[in-house]
Structures are given as C-alpha cells and as structure tokens.
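**Q** Working from the sequences, and respecting the hints, build out all of it.
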Amino acid sequence: MSAEQTDNLTETSGRRRSRGNATYWLGLLLVGVIVLAGLISFVWTPYALSDMVGGRLEAPSLQHWAGTDRLGRDLFTQLMIGARIALIVGCGAVVIGAAIGVTTGLLAAFATRFLDDALAAVFDILIAFPTLLIAMLVVAAREEASLGTAILALGIGLSPIVGRITRILTKQVLGQDYITAARVSGTSWGAIVFWHILPNIAPFLGVNLALQFGLAVMAEASLSYLGLGAPPPNASWGRMLQEAQGTVYTAPWGAILPGLALFALVIGINLLADGLRDRFDPTKGAA
Amino acid sequence: MLRYMARRLLILLLSLFVAAIVLFVLLRLLPGDPANALVGVGATPEQIAAAQAQIGSDQPLAVQFVTYLGDLARFDLGKSFVSRAPVIEEISRRLSVTLPLTLAAFLLSMLIAIPLGILAAVKSERWYGLLLSVVSQVGIAVPVFWLGVLLVYVFALNLRLLPSGGFPLRGYGDPARAVTSMVLPVLTIALIMSASLMRYVRAATLEVLGSDFLRTARALGESRTGALMRHGLRNAAVPVISVLGIELSTTFLGAVVVEQVFSLPGMGSMLLLGIQQRDYPNIQGVLIISTLLVLLTGFLADLLQRVLDPRLRKEARR
Numbered sequence: 001m002s003a004e005q006t007d008n009l010t011e012t013s014g015r016r017r018s019r020g021n022a023t024y025w026l027g028l029l030l031v032g033v034i035v036l037a038g039l040i041s042f043v044w045t046p047y048a049l050s051d052m053v054g055g056r057l058e059a060p061s062l063q064h065w066a067g068t069d070r071l072g073r074d075l076f077t078q079l080m081i082g083a084r085i086a087l088i089v090g091c092g093a094v095v096i097g098a099a100i101g102v103t104t105g106l107l108a109a110f111a112t113r114f115l116d117d118a119l120a121a122v123f124d125i126l127i128a129f130p131t132l133l134i135a136m137l138v139v140a141a142r143e144e145a146s147l148g149t150a151i152l153a154l155g156i157g158l159s160p161i162v163g164r165i166t167r168i169l170t171k172q173v174l175g176q177d178y179i180t181a182a183r184v185s186g187t188s189w190g191a192i193v194f195w196h197i198l199p200n201i202a203p204f205l206g207v208n209l210a211l212q213f214g215l216a217v218m219a220e221a222s223l224s225y226l227g228l229g230a231p232p233p234n235a236s237w238g239r240m241l242q243e244a245q246g247t248v249y250t251a252p253w254g255a256i257l258p259g260l261a262l263f264a265l266v267i268g269i270n271l272l273a274d275g276l277r278d279r280f281d282p283t284k285g286a287a
Numbered sequence: 001m002l003r004y005m006a007r008r009l010l011i012l013l014l015s016l017f018v019a020a021i022v023l024f025v026l027l028r029l030l031p032g033d034p035a036n037a038l039v040g041v042g043a044t045p046e047q048i049a050a051a052q053a054q055i056g057s058d059q060p061l062a063v064q065f066v067t068y069l070g071d072l073a074r075f076d077l078g079k080s081f082v083s084r085a086p087v088i089e090e091i092s093r094r095l096s097v098t099l100p101l102t103l104a105a106f107l108l109s110m111l112i113a114i115p116l117g118i119l120a121a122v123k124s125e126r127w128y129g130l131l132l133s134v135v136s137q138v139g140i141a142v143p144v145f146w147l148g149v150l151l152v153y154v155f156a157l158n159l160r161l162l163p164s165g166g167f168p169l170r171g172y173g174d175p176a177r178a179v180t181s182m183v184l185p186v187l188t189i190a191l192i193m194s195a196s197l198m199r200y201v202r203a204a205t206l207e208v209l210g211s212d213f214l215r216t217a218r219a220l221g222e223s224r225t226g227a228l229m230r231h232g233l234r235n236a237a238v239p240v241i242s243v244l245g246i247e248l249s250t251t252f253l254g255a256v257v258v259e260q261v262f263s264l265p266g267m268g269s270m271l272l273l274g275i276q277q278r279d280y281p282n283i284q285g286v287l288i289i290s291t292l293l294v295l296l297t298g299f300l301a302d303l304l305q306r307v308l309d310p311r312l313r314k315e316a317r318r
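Line order of the protein sequences matches chains S and F.
Note that the working numbering numbers the first sequence so that position 256 is 256, with each residue one more than the last.
Note that the working numbering numbers the second sequence so that position 36 is 36, with each residue one more than the last.
Since the hints were derived computationally from the structure, they do not count as laboratory data.
Keep in mind that a hint or two might mislead.
[Said to hold, decoys possible] If you want a taste of the chain S side facing chain F, the calculated C-beta under 10 Å gives, among others: (1) ILE88; (2) GLY92; (3) ALA128; (4) MET136; (5) VAL138; (6) ALA140; (7) GLY186; (8) TRP189; (9) LEU241; (10) GLN245; (11) VAL248; (12) ILE256; (13) GLY259.
Where a beta carbon is used, it is the ideal one built from N, C-alpha and C, also for glycine.
**A** Right under this line is the structure:
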C-alpha cells in the first residue's frame, strides 16, 4: 500500500470518527431532552392530566404549548407523561428481556449439544415473530391490560433476541484460551461466568440492549395504539395518536406531535447505540 | 440439491412442530381458562364446567396437547368461539386482503430500496450517497402508524385523491375501490420497509465493491459499473436475500398495525379482534397459519440463495 493511500485511509477514518461523534451527541441530546421531560413530569406538568382546561381541539398557543385534545385536555401534559411511560416501559422491558434472555442464552451456550440446538431453534423461531406480536399474545393471555402487563409482555417479546446474542457471544468467549486456563487453575463455572464471561460480553450486549430499548418503546406505542397497552390514567404516545386519528383533519398537531416524540426517542437511542459501539469497539474505528 | 431440499424440508417440519409447542405453552399455561371467554362474564360454575367440557380445557394438559397436535395434523383449526364459523374459512377470506397487501408492499419496497441502496453504496462519497444513507437510517425510526396517519392526512383528507381507509364489502367484486383502498396501506408499509432494506443493500454492495474479485475484474479492463453489474450484484444478492425473507415475514406479521390504521379486514385485524373477544381458536389459527407462511418464506429464501451461489451448494454436499 502506498503512503498516499495510507494517508487517504486515515483521513477518511478520521472524518468518519468526527461524524460518529456528532451523531453520538445528537443522540444524547434527543434522549436527554425526553428523559428530562419524563423526570420533570413527576414533579411538574403544566396542567393536571385529565383536567379539561381548555376548549376542544385548540391549536398550540402560549397557554397550551401543544394544543388540546377533543375533550379540551392539555396535550403538552400528555406528551410529558407519555415520555415517562415510554421510558418506564422501555427500561422495564429491557430489564425483563435481559434477565430471561441472558439466562437462557448462557444456559444454551453451556448446555449439551442437544439442548443447545433446541434452544437455538426456539430462539430462531421466536425471532421470526415481531416483538409486538409476542407481546400481543402475552397481553391476550393475561386477564386485563395494565402497565405491568405491557412491560412483562414486551420483556418476554424481547428475550429471544437477547438470548440469541448472549448465546453467540458466550460461545465466542468460551473458545478463548483464558477460559481454558481458568478452568485448569480450578475456577468454578459460576466464577467464570461472573469474572470472565459477563464482563467480556457486557459492551456488545449493552449496545444491543440499547437498540432493544428503542424496539420496546416502538412496540409499546404500537400496543397502545391497538388498545392493548396501559389503560388510562397512563398517557401513552401510541394511544394519543390513536385518539387523535379521528380528528386529524381539523387538528393535525394532535397526531403529529406524539409521533414526532416517539420518532425522536427511537432515533436518539439508535444514534446513541451506534456511537457507543464505535467507542467500545476499537476495531470498528480503525476499519 | 435434492438432498439438501429434503433435509431443509425436514427442518421446516421440525420448526413447525417446535412453534406449535411454543404456541400451546403460551396460550394454555398463562393464567385464564379459555372456557371463561366462551361463556362470558357472570356465568354460573355449571355453565363454566359445561364450557370446559365442550372445548376440553378440563382435561389434563398432556391430553389437551395430544388432541391439539392431532387436530393440527388434520388441518383442523376448530371453530370460532364467537361466530361458530370454521377458523380456516375466516382465515382464507382474510388472507385475500393481507397477502396482496404484503406482497405488493414487498415488491414496491424492493423497487425503491435496491436501486437506491446500490446508488448509496457506489456514490457513498458524494453528497447524495450520504443523504440516501441518512434518509434510510432516519426511516427506520419512523413509527409505521404515524406514517400511515400522515399519509391519510395528506393524500386522503387534503388532496382527496384516495380513500382514508376501509375495504369494499364486496371485496374484489368491486375492483376499482378494492385497489384504491390498498394504495395508501401498501405505500405505508413499502416506505418503512425500504428504509431498512436499503441499509442492507448498501452494506452488501459496499462489501462487494471492496472485494478482490471486483478489483481483478477492473484490472482486466472492465468499467466500474460493468464489473459491478456482471460480477458484483449476484454476490451482493446472497446476503440480501436472507434479509428479504425475514423482512417479508415481519411485514406480513406486522400488518396488524397498518390494517388497524386503514381499517382493513385482514389477518392482523382478525388477530386483534380475537384477542379483544378472547376467541382462542381464531388467535391460534392466525398464529399457526402465520408461522407456516414465515417458515415457508425462510425455506424459499434459503433455496434461492443456493441457486444464486454455487459455493453454498458445494458446502452442503460435503
């Protein structure tokens, strides 16, 4: 490779890195604003969630920053509570998905060949089904819709994806020499999982869990849009959109704003995850 | 190739079996007896017991499981709790909406994503190549129901070009209305799908563009475009096809949201209605048929990959 080509390569990778940094900060900004809105909603919202404080379907104004819905309730308040719900459901679903997925993934990686193959097949089949569909089934099987049911349903829906990734990552680590060395020196399997496997797969798994968070938030909105999400008094962006759909001609902002908020959160998470991957994975930056 | 097909078919049947088990577990072991759904709220214990006997939910789980597998093997999906009509009839009526919707959206998304994805890769250093990859990245985060509602707002309510939703009662007996009511749903799915598809096409093309065989072809005097056309695209197609298979199945299954936006009477709305009415035979039927279609899609995608890439065939023979 000539010197000129080498220069060229480092230059593009340098440019790429700065672009990666910019998108990382943009992602952080988008997610940060929404997290902040969700946190503030615990102590302050412009109005009470279910109070009919304005006229019906008012356009955004100084009194009502995002306008009002068809019952005269403040939409900005609903958007803030919606941010809170989206974050709670996203975090809860990722924790449940990780708990089930990491456990079964580790189990598959350590298991005998037959059990491993069986678990891998189950992961593959479940992955072919969108998270939303599995979540719909879990909601169907539970007696009533609630915030807890939505979180559980989405967590179960995410778990096969996490399980599959954990299995693959763990198998890679298990093939390393230092695992053999640890075994030979008498370390128990439990200690190996905690001291060698989990720390090694954590960065990749973490980035993937961030992406799963975006998926969960999107699926929660879809569940709520379909009427299977958390019931009122929880304001969900998905249900706001569904309620505003009937009046979209006279009051388009009611449908545009919750979708925009959802879009901003999901793209923010994706950008953040991409940025984190570049930071955690040194080989990626050089390529 | 024939031996591979036979083996792959066996895997398909095994996967279907595993999927049937997973479905059984999900629907039976979670709380709530389906018999309660059959008789409704406020039923006497005797009525519930009679309903349990009728659908067999009073039997031990093992017996239920064997009956369930036996019914499946005879393609008997049972009767709806609500309408008492055979589930399979309802499904075939609903498939006549969902299948054309999914396939049309799939074709349109390929028409959009493949040329643009290749363009984004070939011109990755130009501003429009970059713009295309940004657009596809942004497109992935767009909620499908939001796009649907926005399209309705623009094309149905403001420009009044197309219906905002619904499907003619006479179905395809009213061809003009049936087709126009499909335009916006198809567009909604196709746009969302092409965003993620474009990313894969771009990545696969970039990989091929950096390959040794393409450099050799160029060294032998072929132009960049010529080399890509003659040697590159077939190679880039192999990984894209498996993605296409997955995209087709997720679109089919994900149609539930779009069908709801446009009030189309498809498989997705049948599932949603089944869930709302706790109509377990309908839920189970939709999921079994969907699983079958998903697995068949994967099977076809695998075969197509082998046809395109002789290296995969050799590997299988070994």
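**Q** Confirm or reject each hint.
**A** Each hint tested on the structure:
no.	hint	verdict
1	ILE88	19 Å, violated
2	GLY92	18 Å, violated
3	ALA128	5 Å, holds
4	MET136	6 Å, holds
5	VAL138	7 Å, holds
6	ALA140	4 Å, holds
7	GLY186	39 Å, violated
8	TRP189	28 Å, violated
9	LEU241	6 Å, holds
10	GLN245	5 Å, holds
11	VAL248	5 Å, holds
12	ILE256	7 Å, holds
13	GLY259	3 Å, holds
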